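Q: With the hints as your guide, set chain L onto chain S.
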Amino acid sequence: MTGHDAIQPMLPLYAAGALDEAEGGRVAEHVRTCEMCRRELADWNLYLQALPEMPPFQAPAGLVEHTRARMIEQSRASAAARRSEAVLLGALTVFGWIVSVAAWTLVRVLARGSLQVFGANLAAGMNWYLVSTAMVWMTAAAAAAVLAKQIEARRVYEPASR
Amino acid sequence: MMLAVAVDPDAYSNADDPVSRLRRGDAEALTAVLSQYQHRLYGFLMRLLQDPAAADDLFQQTWLQVMQKIGQYRAGARFDTWLFSVAHNLAIDYLRRERNRSLDEADESGETPAVRLRSSDPGPLEELLESERAAILAEGVRELPPMHREVLSLRFEEDMKLEEIAEVAAVPLSTVKSRLQRALLGLRDAVERRSQRGKRP
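Chains as they are written, first to last, in the working numbering: chain S, 1 to 162; chain L, 1001 to 1201.
Simulated from the structure, these hints should not be mistaken for lab results.
Predicted model only: the values in this text are computed from it and were never measured.
Do not take every clue at face value.
Sample of chain S residues at the chain L side, in silico, Cβ under 10 angstroms [what the hints assert, rightly or not]:
(1) Met10
(2) Pro12
(3) Trp44
(4) Met71
(5) Ser75
(6) Ile98
(7) Ala124
A virtual CB, placed ideally from N, CA and C, is assigned to each residue, including glycine.
Excised from the complex, chain S in its bound form:
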C-alpha cells in the first residue's frame, strides 16, 4: 500500500530519519507528487529542528560531589563487608575442622577404637580423615552459598537520603 493514507502516518518517522531505505523511498516518491504531504513534511521538519534545541536541564550544584561521596562510602562498605565475609568463612572452616577432630577423638573413646560402617572402620585415622574432609568442604560450600545470598540481597538499594 503506497497511497496517501498509508504514507501520511509515516511522515514524522521519515522526517526523523527513522525509516529504512525502502520505506523512505516510497515516502519520498509520494511527497514529490502530493502537495498536502509536502506541506505536512515541512511542518514536521520544524518540529524536528526545534526538538534538539529544547532548554536543557543542568545538574544542581553539589549533586556530583554528593554522589561521589556516596560512591566512595559504598565502596568502603563493600570492601569492609568482603573482609568480614572472608573472616567469617575462615572461622567456619576452622570450626569445621575442630568439630571434626573433636568428634573423631570422641568416637574413638566411645567406640573403643572401632566404628564399623559397611565393613570399614571409620574410627581408623585415614578413613576418619577422608570423611571429615568431605564434611568440612560441605560445610564450607553451604557457608559460601549463604554468603553469596547475603551479597545478592545487599544489592537492593535503599532510597537515597539527601
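A: Frame of chain S; chain L shown alone:
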C-alpha cells in the same frame, strides 16, 4: 585512593580513558566520569521523570549501580548507552511504583494522539519565532507518557540511533519506531492544543 570495584584489573590495563580507569578502581577517574556525564544523565532523568527530587535520587542510584555493575560493561561498547540503560531500568522501577497506568499511556491531562487528516492551514510552529519553538515543544513533551518522553530525549537530545535506543530501553527496534511515531504525533497534538487554548478569547 583505590576503590573496591569487582573487576579484573589486567583486562583493561591498556586503555587510559576515564571509564577504563574507573573499571580499575581509580577514584580520580570517578570524578572525571561523573563530571563528564552529569548534565546529560540528569537531563535525561528530568525529561523522563519531570520531578527534580526523583531525578536527584535516581541520578545517585544510577552511579551507585554503575560502580557495582561496571564489571558487566563490555569494553569497546558505548559507555553512554550502557549508563542510560542503567538509569532507564531504575526509572522504570520508580515510575511503576508511582503510576497505576502503563508507561506508554498519557496522563489524564493528556489526550490520545491520533493520526488525522491535516488541513492546509499552517501548523502552530510556523507562526512562532525560532527561539519560541523549542520552549513550546518542551512544554508539549511534558504532556506525553514517560516512554514517549524518553524516546524523544534519546533521539533528539542525545542524538542516539534507533538501535541504541532499543538497547537502552531493552525493547525491539519496531517498538522504538512505534514509540517515536506516537511520541511525535502526540507532541504535535499537545502543541496544537496549547496553540488553540492561546487563541481563545
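Q: Under 10 angstroms is the threshold here; is the Cβ of S:Trp44 close enough to any Cβ of chain L for the hint to stand?
A: holds, 7 angstroms
Q: Would the hint on S:Pro12 stand, with a C-beta cut-off of 10 angstroms toward chain L?
A: holds, 4 angstroms
Q: Any CB of chain L closer than 10 angstroms to the CB of S:Met71?
A: holds, 5 angstroms
Q: Can we keep the S:Ala124 interface hint, with Cβ of chain L closer than 10 angstroms?
A: violated, 45 angstroms
Q: Measuring from the C-beta of S:Ser75 to each C-beta in chain L, is the shortest one below 10 angstroms?
A: Given a least distance of 4 angstroms, the restraint on S:Ser75 holds.
Q: Under the criterion of a CB-CB separation shorter than 10 angstroms, is S:Met10 in contact with chain L as hinted?
A: holds, 8 angstroms
Q: Against chain L, is S:Ile98 within 10 angstroms by beta-carbon distance?
A: violated, 31 angstroms
Checked against the numbered hints given earlier, the structure breaks hints 6, 7 and satisfies all the rest.
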